[in-house]
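Produce the entire structure from the sequences given, and follow the hints as far as they go.
2 protein chains.
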Amino acid sequence: MRQAGRILPPYRQLRAKHDSILTLFQTPELAAQITLMPVELLEVDAAILFTDLVTPLGPMGCPYEYDPGPIFARPVRTRQDVERLRPLDPESDLPFVLEAVRLVRRGLPAQVPLIGYGGAPFTLAAWLVEGGTSKDFSRCRALLYSDPQTAHLLLDKLTEALIAFLQAQIRAGAQAVQLFDTSAGVLSREAFAQFALPYVQRVCAALAPLGVPRLYFALGVPHCLALLAQTGAEVLSLDWRTDLAEAHRCLGQGLVLQGNLDPCLLYSPPDAIVRQLRRLLETVRGRPHIFNLGHGLLPDVPFANVRLFIDTVHRFSQESP
Amino acid sequence: MRQAGRILPPYRQLRAKHDSILTLFQTPELAAQITLMPVELLEVDAAILFTDLVTPLGPMGCPYEYDPGPIFARPVRTRQDVERLRPLDPESDLPFVLEAVRLVRRGLPAQVPLIGYGGAPFTLAAWLVEGGTSKDFSRCRALLYSDPQTAHLLLDKLTEALIAFLQAQIRAGAQAVQLFDTSAGVLSREAFAQFALPYVQRVCAALAPLGVPRLYFALGVPHCLALLAQTGAEVLSLDWRTDLAEAHRCLGQGLVLQGNLDPCLLYSPPDAIVRQLRRLLETVRGRPHIFNLGHGLLPDVPFANVRLFIDTVHRFSQESP
Chain A
1 MRQAGRILPP YRQLRAKHDS ILTLFQTPEL AAQITLMPVE LLEVDAAILF
51 TDLVTPLGPM GCPYEYDPGP IFARPVRTRQ DVERLRPLDP ESDLPFVLEA
101 VRLVRRGLPA QVPLIGYGGA PFTLAAWLVE GGTSKDFSRC RALLYSDPQT
151 AHLLLDKLTE ALIAFLQAQI RAGAQAVQLF DTSAGVLSRE AFAQFALPYV
201 QRVCAALAPL GVPRLYFALG VPHCLALLAQ TGAEVLSLDW RTDLAEAHRC
251 LGQGLVLQGN LDPCLLYSPP DAIVRQLRRL LETVRGRPHI FNLGHGLLPD
301 VPFANVRLFI DTVHRFSQES P
Chain B
1 MRQAGRILPP YRQLRAKHDS ILTLFQTPEL AAQITLMPVE LLEVDAAILF
51 TDLVTPLGPM GCPYEYDPGP IFARPVRTRQ DVERLRPLDP ESDLPFVLEA
101 VRLVRRGLPA QVPLIGYGGA PFTLAAWLVE GGTSKDFSRC RALLYSDPQT
151 AHLLLDKLTE ALIAFLQAQI RAGAQAVQLF DTSAGVLSRE AFAQFALPYV
201 QRVCAALAPL GVPRLYFALG VPHCLALLAQ TGAEVLSLDW RTDLAEAHRC
251 LGQGLVLQGN LDPCLLYSPP DAIVRQLRRL LETVRGRPHI FNLGHGLLPD
301 VPFANVRLFI DTVHRFSQES P
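The listed protein sequences correspond, in order, to chains A and B.
In this text, residue positions in the first sequence follow this note's numbering: the first is 1, and each later residue adds one.
In this text, residue positions in the second sequence follow this note's numbering: the first is 1, and each later residue adds one.
There's no promise every hint is true.
From chain A, some residues computed to sit far from chain B (all C-beta separations above 10 Å) [what the hints assert, rightly or not]:
#, residue
1, H152
2, G173
3, A176
4, Q194
5, D262
6, D311
Label pairs and their computed distance ranges (CB to CB) [claimed, not checked]:
#, chain 1, residue 1, chain 2, residue 2, range
7, B, A73, A, I21, 44 to 54 Å
8, A, I21, B, D300, 42 to 52 Å
9, B, A229, A, H18, 49 to 59 Å
10, B, A304, A, I71, 51 to 61 Å
11, B, E282, A, R15, 14 to 24 Å
12, B, P63, A, Q318, 52 to 62 Å
13, B, L153, A, G286, 52 to 62 Å
14, B, L153, A, F303, 44 to 54 Å
15, B, K17, A, R249, 49 to 59 Å
16, A, R249, B, P209, 39 to 49 Å
17, B, H248, A, A272, 30 to 40 Å
18, B, G252, A, E83, 47 to 57 Å
19, B, A73, A, E91, 48 to 58 Å
Short derived list, chain B residues pointing at chain A, Cβ under 10 Å [stated by the list, open to error]:
#, residue
20, L143
21, Y267
22, Q318
Derived from the structure by calculation, the hints contain no laboratory data.
Note that the structure is predicted; figures quoted are calculated from it, not measured.
Even glycine gets a Cβ: it sits at the ideal position worked out from N, Cα and C.
What follows is the structure, encoded as structure tokens:
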């Protein structure tokens, strides 16, 4: 459950003490402390590394500042821009991330795994081309149509960097990895098949020898459901718009699904949360399923409602093993 | 093809002459002139009324200003807020829209129909609850879960207003109407079935006796495809993420589809535009289909590329009648 930090009072205190969120990402002790918070305060079943989508992009030659999200000084839009990108060497470029991984592993209870974190290649490309976030990433979509060769070269370089980044996280102690494709939902199915899927497949294949579960989350891609079976990931995380019953039919038995409660449900009165939650839980009864939200936690949901959500899921799991 | 205006030099000149875009919406002569521009300069086959999603909301008691999109001074979030909403009387509240409709009809060639325009009830509600646009309309989604009665009351009032607004446009001369559900894509399928679909059905049913075609466009709802057959609209406009072949299979023979080229394709070199376009045109050969983009035109696409798109579609239609 990414971004669990923002609802936690100790995270907010830490954030208020530091002018820039970069300090939190780049100081191993702070990043580790934040990664551990949801485990301690919410008793979630796994920790996910506190870092950002854009973390590997700075050392590749794409500096950014937060205002409030990351803004790139020089968007990547031409063949030349892409050719200038440097390969990533995680050990020398991002030692603070790997140190955070090691610290988290030392601090985690033995039964709680640490999930490593990376933005998927298409989403990284979308941010770089746009120069930051965007409602529809139209500049990036324009590049795919107008200069597919350059787009593929960019995706190729980002894929190599991501593989190195995730391999390093695993070597430092991450026991699973999740790829976040939060911008993939702007793509048509055909564009997803051309510009997102093959690169996710390459990442998953490259990580296979390391023997850790690979999780893939894409936002807003119910129109690509059939393609999701081909990523090579063991776990598919679905957003709240994907019908779980249909996902089970479409994706077959080989995959574990994760998700997918609408995070906005957590604004409701407690009885409504429990009622809706149990309805969704019933639809996955008897199947292997990682229960979770269908997107990141919203920063202002009541802490008590998040606890209620987690406790209800735990109770259900005990009732129906 | 909504927002065709922004790529047209005469529209930009007109926009630059007036401090507020409100003047363009509220002056019948200007709104009519802008509505006619794409017909004159691009030779599209139909005109769509130049007005805004939020136009009917001001007189209902929800004033807004543009900065740059509409921002509501007082978002609608409580039962009391909803109860305070006034019913819409288009003839006295929005005479400038109806006068624009009459002027457009006088200026249009006989073979070019005028399509009336309205935001669909859920999308209007989403804007009102949020107080403006939003990436994910999480406040509105929260209201649906936490206080569904209030959400339904709001949707009920907006539906009545929309029916009156579209009836008035038709009486003034609109020969078809299109509902825009541009925020529906944030809903799960179940939420779409509860909070969007029934109100679209009510609008379509109320307009049936007037005998004009009803078009419905929802953005980002490929996960609701099967439900779209139930709106009561004669034409479904699909965004670029919906696979046309699957839509034909899923929606059967009774409906005419409209769409759905990715607007970003129009940033490409001419040969790429024609190639992609003809591929998509081949998938609809032999079926009744209204060829169009899968969303509004982006404001900075080259004018020549839009003409190329339209001319290519016209040429194809003549080849395969």
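Violated hints - listed by number, lowest first: Violated: hints 5, 7, 8, 10, 11, 13, 14, 22.
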